Amino acid sequence: MKRSLLFCLAASLAIGLHGHASAAAAAQPYDDYEQIHLRSGQLPKVNLTAELLYRILASEIAAQRGEFRAAGQGFFELARDTSDPRLAKKAFQLAVMSRDMDSALQAAQQWVLLAPTDPEAVAASLALSASNGETAGLASALWERIEKAEDKETAVAQAAAIVSKMNDKQVAFDVLEKALREPVHSLPITRMALADAAWAAGDADRALAEAQKALALEPDSEPAAQRALEYGMKVDPEAAIRDARVFIRHHPDAAKVQLLLANHLVVRGDHGGALQIVDAMRERNPEDFDLLYTEAEINYRAQQYEQASKLLHQYIAVQTQRRQAMPDNATNAVADASDARLLLVRIAEKQGKLDEAIEQLRLIDDPAVTFQAQIHMAVLQGRQGNLRQALETINSIKPRHKQESAVIALTKASIYREAGRTEQALQVLIEADKALPGTPEIKYDLGMLYETQGRFDEFERLMLEVIDLAPDNANAYNALGYTFADQNIRLEEAQELLDRALELEPDSPFILDSVGWYLYRTGDHEAALEFLERSYELMPLADVAAHLGEVLWTVGRRTEALRIWREALAKEPDNPTLVRTLERFGVRP
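FYI, in my numbering the residues of the sequence shown are 5 to 593.
It should be emphasised that the hints constitute simulated quantities derived from the structure, not laboratory data.
Please note: incorrect hints may appear among the correct ones.
[Said to hold, decoys possible] List of simulated lysine to aspartate or glutamate pairs, DMTMM-like, C-alpha gap at most 25 Å:
(1) 438 x 455
(2) 169 x 207
(3) 182 x 207
[Said to hold, decoys possible] Derived Cβ-Cβ restraints for the label pairs, each shown as a range:
(4) 435 x 144: 57 to 67 Å
(5) 497 x 426: 24 to 34 Å
(6) 490 x 360: 34 to 44 Å
(7) 496 x 534: 32 to 42 Å
(8) 435 x 460: 18 to 28 Å
(9) 106 x 509: 16 to 26 Å
(10) 358 x 457: 26 to 36 Å
(11) 144 x 106: 18 to 28 Å
(12) 71 x 396: 31 to 41 Å
Remember, it's a predicted structure, so these values are computed and weren't measured experimentally.
Ideal placement from N, C-alpha and C gives every residue a C-beta, glycine not left out.
Could you put the whole structure together from the sequences, leaning on the hints where they help?
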């Protein structure tokens, strides 16, 4: 499906080194494993016995069922027994899909052992070793590959891709800097690779300096100009914008730089400046109808909803004509029209026109987003208070796999909950947990419903199950830790849980609020205020206001507490946490 031309360009810098076919290839997913023998020599001759066929089929069936860990182990054992590199590659891919990096490294090492001249196998093995912190000799190994390579640009891009998988980005930059030795310093791609690695390591000044060196080596390079703009916005925004305008003046067809600049102008609130750039692009390329969509996005961000809608309808008309002129599979017109309708849905919701939003969702016929559209439609119907219609919509959806079944159950429970029918919501989630017992999202929502009913034993059991299934789920640690702190019980456990949640998501306003509330319970009012103020700045909700106001009131800053409470009451007058807090202190703001 088409991604936003305007607002995804900054993210695209992280994908690869643009402008070089070799670099783009390095970022592609692994080829079909049947192709490996073209690079690595003759395949081993193995008799396809009944037992071997059974093992292959069993592993394939496990993969189709989503049991990637078991399937990967099956293929690894097959590769070891047959010396077939195709099977080792399959084991590597499945281990990555199951996020079992130890098994992925083991499979990658087996793959490179069986196909030592396959650059893809070598790259996979080096990348996994690097991600595990095994960096000794890595720079030398990478330089050796670059030195031997006929295509230096491809080799540099592959080296950059390998170190990008390392967890410690500063170490990754150091390795890459040592690997890219003087003979390749004159290649623009070398400077761009160093720029990206420095940026990932948090060194914006070095990233900008390297991007500027790349641009000096190749003044017409749009990828280098993109990096100079993107990284320069962190160092000196005014200079970065000025330099980008100069580049655009000399390279009026550099669409990516222009769209990236427009994106930054939008973020800075200069919607007029962004629209001027798009207008100039449309004047120069009147047949580039994607710019209609881009202009609509900018108007949407500027809250010019009527103009945005007008442009989107023009864009949909163009895509309809494309669709009528050519078969669906010959264009991306269906996906592009769906993108436009989804933005029209967001506009209608902003304007409170839920009927219009629902109508746009009905018109979406792109199979890639039909499920999303139906789910969204049911949610909006529930928001309108039309519970019967919402349930009819949600019940009409035919899930294609377990993930969609889980989303349907979660959405249905949410619709019931918003309608005040907690028991029906509870029953939906109980049945879903039985049908899909390994789904942490269902267990989490079910646990939170139990918590609202005061069934804390059930709540705790489910949060622990979520943590067991998904050890990186910050929400479960936070929910359990906050509940202990709120009840003023098991505070040592609360601290451990909240520390883990904060480690996973240090900037989450929900977790910051929980930590602040825990610190208040333990008597550390100064630290509590620090966390609660950060949380309220990020998320000025009534629950956070209730906590922040209580701590301010307790330390004698009552005027500030009353101001915070009044602000919250104006937005959420019926918030139970806030109401109970005010009653407890006998305050009537």
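Consistency of the hints with the structure:
The suggested pairing of residue 438 with residue 455 holds, with an alpha-carbon distance near 19 Å, which does not exceed 25 Å. Restraint check: the Cα-Cα separation between residue 169 and residue 207 comes to about 18 Å, which is no more than 25 Å; the hinted pair holds. A C-alpha spacing of about 17 Å is found between residue 182 and residue 207, which places the hinted pair at or below 25 Å, so the restraint holds. For the pair residue 435 and residue 144, the beta carbons lie near 58 Å from each other, so the given range of 57 to 67 Å is met.
Here the CB-CB span from residue 497 to residue 426 is close to 28 Å, well matched to the stated 24 to 34 Å. A C-beta distance of roughly 41 Å is found between residue 490 and residue 360, which places it inside the suggested range of 34 to 44 Å. Taken as a hint, the range 32 to 42 Å is violated for the pair residue 496 and residue 534, whose Cβ atoms sit roughly 21 Å apart. For residue 435 and residue 460, the hinted distance range of 18 to 28 Å is satisfied, since their beta carbons lie about 22 Å from each other.
Between residue 106 and residue 509 the beta carbons are some 25 Å apart, a value that agrees with the proposed interval 16 to 26 Å. At about 30 Å, the CB distance of residue 358 to residue 457 agrees with the hint of 26 to 36 Å. In this structure the hint that residue 144 and residue 106 lie 18 to 28 Å apart at CB holds, the actual value being about 25 Å. Under the hint 31 to 41 Å, the C-beta atoms of residue 71 and residue 396, about 35 Å apart, fit the expected range.
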